[in-house]
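Asker: Make a model of the complete structure from these sequences and hints.
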Amino acid sequence: MSIALNAGGPAGPQGQTLRQLRDGVRRLTELAVTPLVPADYLDMFNPLRAGADLRGRIVDVHPETRDAATLLIKPGADWAGHVPGQYVRIGIDVDGVRQWRAYSLTHGPRRDGYISITVKAVPDGKVSNHLVHHTRPGTLVHLEQATGDFVLPEMPGKLLFVTAGSGVTPVVGMLRNLFPVADSGVVHLRRSEDLDITVVHVAPSEPDSIFIDNLRELHASRAINLIPRYDDVHGLLDVNRLDELVPDLAERATYACGPAGLLDALEAHHTERGMELFVEQFRTTFVEPGEGDQIYGVSFNDGTAVEADGATPILDAAESAGVLMPSGCRMGVCYGCVLPLREGIVRDLRNGEITKAAPGDGVKVQTCINAAAGPCEFDH
Amino acid sequence: MTVIQKQAVSPIAHLTPEDIEQLGVELDAIRQEFLDARGASDAAYIRKVIDVQRKIELGSRAVLLASVFPPAWIVGTIGLSISKILDNMEIGHNILHGQWDWMRDPKIHSTTWEWDNATPAAQWKHSHNELHHTYTNVIGKDNDLGYGIMRVDEDQPWHPMYLAQPLWNFINACIFEYGIAAYDLDLGATIKRKKTKDPEFRAQASKVLAKIRKQATKDYVVHPLLSLPTGSFFSTLAANVTANVVRNLWSHSIIMCGHFPEGVETFEKRSIDGETRGEWYVRQMLGSANISGSKALHIMSGNLSHQIEHHLFPDLPSNRYAQIAPKVKDLFEKYGLNYHTAPLPQQVYSAWHKVFRLSLPNGWLATTNAKNAPEKLKMLYKMATGGPKVRRAAQARLNQEARRLKAVA
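Top line first, the protein sequences correspond to chains R and E.
For the first sequence, numbering that gives the first Met the number 0 begins at 0 and goes up steadily by one.
For the second sequence, numbering that gives the first Met the number 0 begins at 0 and goes up steadily by one.
A couple of the hints might just be wrong.
Distance condition first, Cα-Cα at most 16 angstroms in a straight line; then the derived EDC-like pairs of lysine to aspartate or glutamate [claimed, not checked]: (1) E:LYS106 to R:ASP39; (2) E:LYS54 to R:GLU250; (3) E:LYS54 to R:ASP39; (4) E:LYS47 to R:ASP42; (5) E:LYS213 to R:GLU29; (6) E:LYS213 to E:GLU113; (7) E:LYS47 to R:GLU29; (8) E:LYS106 to R:ASP42.
The following residues of chain R were derived to be distant from chain E, with all beta-carbon distances above 12 angstroms [stated by the list, open to error]: (9) GLU29; (10) ILE57; (11) HIS132; (12) TYR229; (13) CYS328.
Note that these hints are calculated values from the structure, not bench results.
Glycine is no exception: its CB is placed at the ideal position from the N, C-alpha and C atoms.
Answerer: Here you go:
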């Protein structure tokens with residue numbers, strides 16, 4: 000005897016016929032559009048539909064300060080939601096080149112299903128400047144699902160947020176969720192009644208502070224206790240004197256987001272005193288390209304690692320170390336040797352052009368004319 | 000045309016090795032200029048072309064659902080032909096060259112793209128990008144020269160079977176996508192070497208067959224069946240066959256014009272040993288020919304109408320070739336080289352003329368006129384039916400006549 004199990008969908012013989020019919024139509028459509036796939040055509044008309052690669056459409060770009068803006072995005076139907084404090088990786092075409100960056104979600108979950116990120120344009124930041132100054136509503140962006148462990152526990156209790164610069168963004172996401180702001184002002188929800196939150200917000204100067212108005216509003220309504228620190232007024236924040244600003248520091252769980260220097264100092268300070276600390280840091284610190292006469296480690300995901308100098312094509316270096324590599328014309332013409340660079344930095348030996356890849360980017364590079372300009376990890 | 004190394008007056012005799020290296024440096028500078036310039040407008044261009052092609056295809060296929068009505072058949076067939084040509088030329092060929100890899104869009108990338116053609120993208124990339132573009136016009140290395148079935152050079156000994164090469168060339172043009180698939184598989188040579196049982200060949204061949212099956216199912220089964228409700232099965236089938244043949248004839252013509260017209264140079268195998276970057280550039284310059292014409296012609300030819308620029312910079316975006324061309328032309332002038340360009344009908348005629356000329360023994364066409372035609376035909380008949388000895392003797396006579404004719408001129 001056998002038992003037929005229906006995994007989802009309508010049960011019974013009718014459901015089965017329906018499913019078969021649906022599969023038949025799908026198969027027929029695939030045959031009719033080969034070598035493309037049905038999605039290629041559907042994407043032309045509805046790129047945000049369920050089943051499509053995850054994308055979003057920018058609905059609004061709202062300036063926060065002179066060099067920061069909040070982008071309101073309508074995510075595709077398959078957006079799985081997020082927890083305040085999490086971030087999203089977003090891919091946008093800048094000068095025609097797809098660039099991926101991670102940004103904290105600064106709003107929601109919202110009723111209209113939109114999400115928002117707040118971006119501060121950093122000097123020489125290709126993507127951040129584009130997002131803040133040159134992005135128009137209607138632009139399509141590529142998304143990954145929200146991720147990140149920088150979220151609040153179920154029963155938060157006494158908290159301290161230390162934020163610096165654009166590190167305020169995930170914290171604003173959390174605060175907005177705890178204390179929604181209506182036209183009548185800050186709404187005090189029952190679930191947030193027992194919270195005791197102090198925010199130490201660090202910025203170079205007051206006008207450069209993103210979300211300072213929001214933080215002030217929360218402070219005024221006694222939702223949080225805001226302690227702003229401006230470098231130009233108060234001098235640089237000394238982490239070792241944090242307890243002067245926050246007397247009950249030891250009783251609070253600390254959530255910090257900001258540049259590496261601040262986070263490192265906090266980590267040392269808290270570890271020494273045995274206090275709880277959760278951190279979030281985004282700014283990828285890229286290795287600057289090294290010189291051609293240096294030796295770099297080039298590794299592949301099967302575990303093999305080779306030494307390559309900065310003047311030898313990666314293809315040649317890998318082959319002479321016994322790695323079986325795809326290859327072709329060996330002069331940069333045929334693109335037969337292209338491999339995804341998972342992380343690292345390479346230099347085009349023909350014109351010195353530098354290509355960098357951060358984890359998750361998987362930038363495809365020609366190995367026959369590129370040499371390592373730093374440690375490299377390839378998908379191969 | 001005879002390989003450049005054996006010509007009485009070489010078109011590059013006036014260039015010193017230093018000149019050639021300097022020429023390479025100047026071409027590198029042009030490449031860099033356009034690498035620096037490419038950006039959002041280029042990305043928008045290729046996305047636009049892809050979008051238009053897909054809409055034309057969808058529209059044509061929809062119209063063909065009622066192809067039993069002659070106007071629908073005509074409109075649908077024209078649309079489908081255009082869509083297939085765009086897919087193969089301006090989109091497929093150029094994406095598979097890696098011209099758009101710099102956008103880092105995984106959907107428009109040489110490693111992921113597949114096209115509406117019998118030959119799978121991966122195999123075509125090997126034979127085209129790697130072999131043809133590296134060994135351009137090197138006799139014995141670049142199989143694009145005559146696809147291994149034609150006599151393309153005076154130095155190849157004439158054989159009676161070459162008399163039929165215009166016919167082969169025409170048949171190849173009609174079924175070009177299958178010709179290309181066979182050629183990417185190196186089918187002819189594999190059969191000759193009795194290597195058809197080789198597992199690697201088998202694996203490749205089964206990939207080609209799978210691709211052909213998919214393509215044929217789409218064009219000759221699925222779409223005709225979808226048209227069945229309006230009684231348009233056979234008319235849609237005919238429309239799809241027609242569109243495929245039109246695409247084949249068009250792409251064959253464009254590609255013939257790229258390297259085959261009279262005056263395009265070929266090179267000896269030996270000559271590329273230790274070739275410098277400058278020398279490689281010069282070979283590309285002399286081994287390619289352009290087609291002059293309208294913007295529409297350039298797009299429909301996948302900008303292979305700028306074959307010279309494409310061969311110099313195969314991975315620069317095709318929409319830039321028109322801007323690169325004047326700069327390249329200036330370099331041709333500066334270095335005293337012949338920039339080979341002519342309108343489409345002229346280049347097609349020239350290429351076909353060469354096919355006919357080389358189908359005949361060397362010098363035959365040149366020495367034949369209305370007066371001596373009967374005598375010459377008799378001689379040709381003897382050469383075609385006689386043994387190697389007869390052929391050699393007759394060829395010697397032809398060579399002598401041709402020399403005399405040249406001396407008079």
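Asker: Each of the hints needs a verdict: does it hold here or not?
Answerer: The hints, checked one at a time:
no.	hint	verdict
1	E:LYS106 to R:ASP39	9 angstroms, holds
2	E:LYS54 to R:GLU250	64 angstroms, violated
3	E:LYS54 to R:ASP39	11 angstroms, holds
4	E:LYS47 to R:ASP42	14 angstroms, holds
5	E:LYS213 to R:GLU29	10 angstroms, holds
6	E:LYS213 to E:GLU113	12 angstroms, holds
7	E:LYS47 to R:GLU29	23 angstroms, violated
8	E:LYS106 to R:ASP42	11 angstroms, holds
9	GLU29	9 angstroms, violated
10	ILE57	16 angstroms, holds
11	HIS132	14 angstroms, holds
12	TYR229	38 angstroms, holds
13	CYS328	4 angstroms, violated
Comparing the model with each numbered hint stated earlier shows that hints 2, 7, 9 and 13 do not hold.
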